[in-house]
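Protein sequence lines correspond, in order, to chains A and B. Per numbering that gives the first Met the number 0, the first sequence starts with residue 0, numbered consecutively. Per numbering that gives the first Met the number 0, the second sequence starts with residue 0, numbered consecutively.
Everything labelled a hint here was simulated from the structure, so no lab data went into it. Positions of the beta carbon are idealized from the N, C-alpha and C atoms, including for glycine. Check each hint, because a few of them may be wrong.
[Stated by the list, open to error] The calculated label-pair distances, taken between Cβ atoms and stated as ranges, are:
(1) B:64 - A:94: 56 to 64 angstroms
(2) A:152 - B:295: 26 to 34 angstroms
(3) A:81 - B:208: 50 to 58 angstroms
(4) A:175 - B:180: 31 to 39 angstroms
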Amino acid sequence: MEMKTNLKKLPNSKSGGKGSFIKDIIRNPLSYLLILPAVIYTLIFGYMTLPYMVIAFQKFNFRTGIFNSAWVGFKNFEFFFKSASAATVTWNTVRLNTLFIFFVTVFSVSLAILLNEIKNKWFVKITQSTFLFPHFISWVIASYIIYTLFSYNYGIVNRILGFFSIEPISWYMTPKPWTPILVGMRVWQATGMSVVIYLAAIVGIDGSLYEAAKIDGANRWHQIKHITLPLVMPTVAILTLLSIGKIMYGDFGMFWAIIGDNGILYPTVDVIDTYVFRALRLSGDPSQAMAVGLFQATIGFILVYTTNKIVKKSFSEGALF
Amino acid sequence: MNKRIGYFVLILLFISGMLAFAGGEKEAGKEGPVKVRFVFPGNPEQEADIVQAEINRRLIEDGQNLELELVYIPWDVWDQKTNLMLTTGEEFELMHVMEDRHGFADYAGKGAIVSIDEYIDEYGPALKKVIPDWVWDTARIDGKITMIPAYRLSATGDRQGWTIRKDLLEENNLSIPTTPAELLDAAEIIKKNWKGDGEIYIPIRSNTDAFFFLHRSYDSFPFTVFQKLVRIDQDGKVSSWVETEEFKKDSEFFRDAFNRGLIHRDILGQPNDWAINQLMSASFAFQPGCPLNLWPKMKDNNPGMEIDDIVTVSFNPEKPTFSITAVGNDNVVPSTTSHPEAGVKYLNWVYSSQENYDLHFYGIEGRHWKKAPNHRRISILDPDRGQSNYRFREWMAGNVEYLRYEESAHPRFVELFSETPADTEYSITIGFNFNAVPVQAEYTSCLTEYNSSMVPIVLGLIDYEENFPTALKRLKAAGLDKVVAEYDKQFNTWMATK
């Protein structure tokens with residue numbers, strides 16, 4: 000609520016009116032220059048590529064292009080929807096992403112609150128940097144770390160099990176543990192960056208609110224519960240909404256690097272992106288790839304739109320649009 | 000007003016996007032030499048630019064009016080990048096095709112490549128000379144030549160054999176196994192008595208065609224397996240491969256190997272370089288196929304090893320050598336180029352003399368390699384990197400006529416890859432190219448499903464009896480019967496015209 004009011008008060012943020020957009024550019028050239036790369040990127044990859052979506056409904060011929068390829072209706076969707084794996088990979092994608100969103104959010108918000116409570120700046124900085132570090136490690140490197148942990152012969156986990164006289168486990172042949180392993184890896188990798196955002200939101204909370212609460216006798220826990228959490232919720236809601244938009248997209252880099260061609264683990268961890276990649280790596284059909292992409296985008300759009308509507312009704316500060 | 004401008008800009012972008020994907024404008028009327036952009040997988044060689052400049056200098060000297068550009072596409076993005084280049088109408092003149100990944104017939108079916116008969120006739124005399132007619136016959140789609148075969152290997156290839164360390168057999172008082180059961184017994188003993196570092200296994204990869212070497216031991220040999228989905232007998236009978244008794248035998252062999260600890264339990268999750276490292280250090284119980292191309296590395300890592308200490312043999316050597324494919328690799332002319340003749344002209348130039356071939360494949364003589372006796376070569380290694388600064392992989396476009404093996408190459412490797420035994424029997428399918436487009440959805444689903452459900456079975460990681468029924472059900476649901484029926488139909492039509 001407060002944020003919206005503030006926005007309205009900002010100078011040069013007035014919209015509408017004849018020529019006001021051009022005038023605004025002239026008045027704030029540097030600001031517009033700053034967002035120019037993002038605008039160009041979005042225009043090229045977000046809009047100029049849209050016409051290409053028609054190939055999802057065509058038997059695309061490289062020679063005749065999108066204007067002269069034969070129309071085939073929904074035939075390109077068949078390879079995915081008729082396959083025995085469609086339901087599994089769709090469910091896995093949604094299930095794993097929901098778990099990722101939930102655990103990353105819970106860990107990030109908790110960690111941000113804890114870090115905010117710590118007064119030793121050096122400690123906070125070192126902790127934050129340590130958590131942020133995995134964000135910059137590629138999934139390929141992470142896959143080696145995982146292999147070091149879970150390999151059958153020399154894996155650290157099996158060695159620990161051996162220490163307690165427990166039989167070693169063939170992790171790469173046992174599908175069930177991979178859901179928590181992947182969730183753990185995602186939390187390890189993504190928490191640091193989210194903490195930065197949540198911490199920024201928490202630091203921005205008006206200090207006088209805490210002082211007033213203290214005078215009223217609120218302890219640390221009460222302050223967190225009644226001030227920090229409610230005021231950080233709009234940020235949580237917006238970031239969650241953005242994540243929901245991508246709930247149908249598995250993090251391809253992550254899944255491919257860690258799971259790769261391991262068919263035994265597919266029942267629990269195969270996601271749409273890896274399934275489609277494997278399928279089209281073999282057949283190389285752009286129409287089928289587009290059909291699945293369109294399916295993911297449509298579901299993502301519906302989910303964001305619906306969730307946003309629900310959020311808007313019950314918690315308007317958290318709505319994205 | 001502003002909204003109108005906004006809409007106008009968006010519509011403009013939309014149209015420009017459509018034009019971009021509609022094939023784009025072709026380069027035309029440009030003066031100077033015609034570009035030959037040769038697109039192939041791999042990372043750029045250290046001194047590719049220097050060799051490219053030398054090739055271009057020689058092309059001008061020879062009056063070819065061509066300018067070569069070597070376009071390296073990293074392995075991990077090869078399929079995506081080339082598909083995108085073809086889809087968006089990007090111009091390039093030559094593209095490499097790996098038949099075991101994504102065959103030329105598939106590209107042709109989607110209109111991604113053009114037929115090149117007229118260019119071969121006009122600009123390809125050297126190509127015609129060094130590639131035999133029967134190999135050209137395999138390059139045809141609907142009677143038209145659609146690819147330039149890399150006729151590097153002999154017809155035998157290496158897939159029917161297996162490789163074992165003879166020194167380890169001798170150390171354990173074992174003779175060379177003659178049956179699959181003997182092989183597993185020997186491998187188990189070698190593993191048990193292994194004195195080197197770590198454990199040893201059969202270092203196969205999850206995407207391997209490891210089982211081919213077993214087929215010579217079956218009474219039904221020879222037969223052909225297409226994409227691990229279709230079996231074709233020499234009498235022309237087409238059937239579903241996974242439902243055969245031989246597939247079951249393959250699976251049971253590897254299951255037995257797994258139970259004896261010869262298949263690594265992490266085989267599906269291991270980093271990609273594991274298998275190659277095992278082979279390079281010659282730390283294996285045995286290996287399907289012929290990894291003797293790695294002999295120089297094996298020798299480096301085991302200085303005490305001699306050439307005779309490692310052998311590639313096959314079961315039932317009295318049976319004829321069976322050739323399944325004419326070539327495994329080829330190069331094609333994309334339909335996006337406005338100079339379809341340029342790629343043909345360039346490869347013809349490469350194959351027109353030993354000097355041109357040497358320059359293209361091995362780099363500059365004296366800088367990247369030097370001649371050795373018996374038509375061999377010695378790579379000149381960069382002292383800092385320990386490897387040569389230029390090499391064009393011969394499996395992509397090499398030719399048996401000109402090929403120079405490294406001086407240190409294993410003689411058995413050279414023999415297997417350059418000599419065709421007189422009694423060679425050829426697969427009935429040679430020359431037939433399956434067009435998957437009519438069953439594209441089912442074909443794609445089947446290939447994917449095979450990797451998910453069947454690979455763990457055939458690698459012995461899970462039990463055949465227990466898991467096969469479910470896996471087959473999934474493969475059938477993906478459309479296996481339809482794919483086999485389509486193959487049968489196309490194959491019979493082709494046979495009728497033969």
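**Prompt:** So does residue 175 (chain A) sit 31 to 39 angstroms from residue 180 (chain B), Cβ to Cβ?
**Reply:** holds, 35 angstroms
**Message:** I want to verify a distance hint. Is the separation of the beta carbons of residue 152 (chain A) and residue 295 (chain B) within 26 to 34 angstroms?
**Reply:** holds, 29 angstroms
**Request:** Could you see if the CB distance from residue 81 (chain A) to residue 208 (chain B) stays within 50 to 58 angstroms?
**Result:** Given range 50 to 58 angstroms: violated, Cβ gap about 27 angstroms.
**Request:** Evaluate the given range 56 to 64 angstroms for the C-beta pair formed by residue 64 (chain B) and residue 94 (chain A).
**Result:** holds, 60 angstroms
In this structure, only the earlier hint numbered 3 is contradicted, and the remaining ones agree with it.
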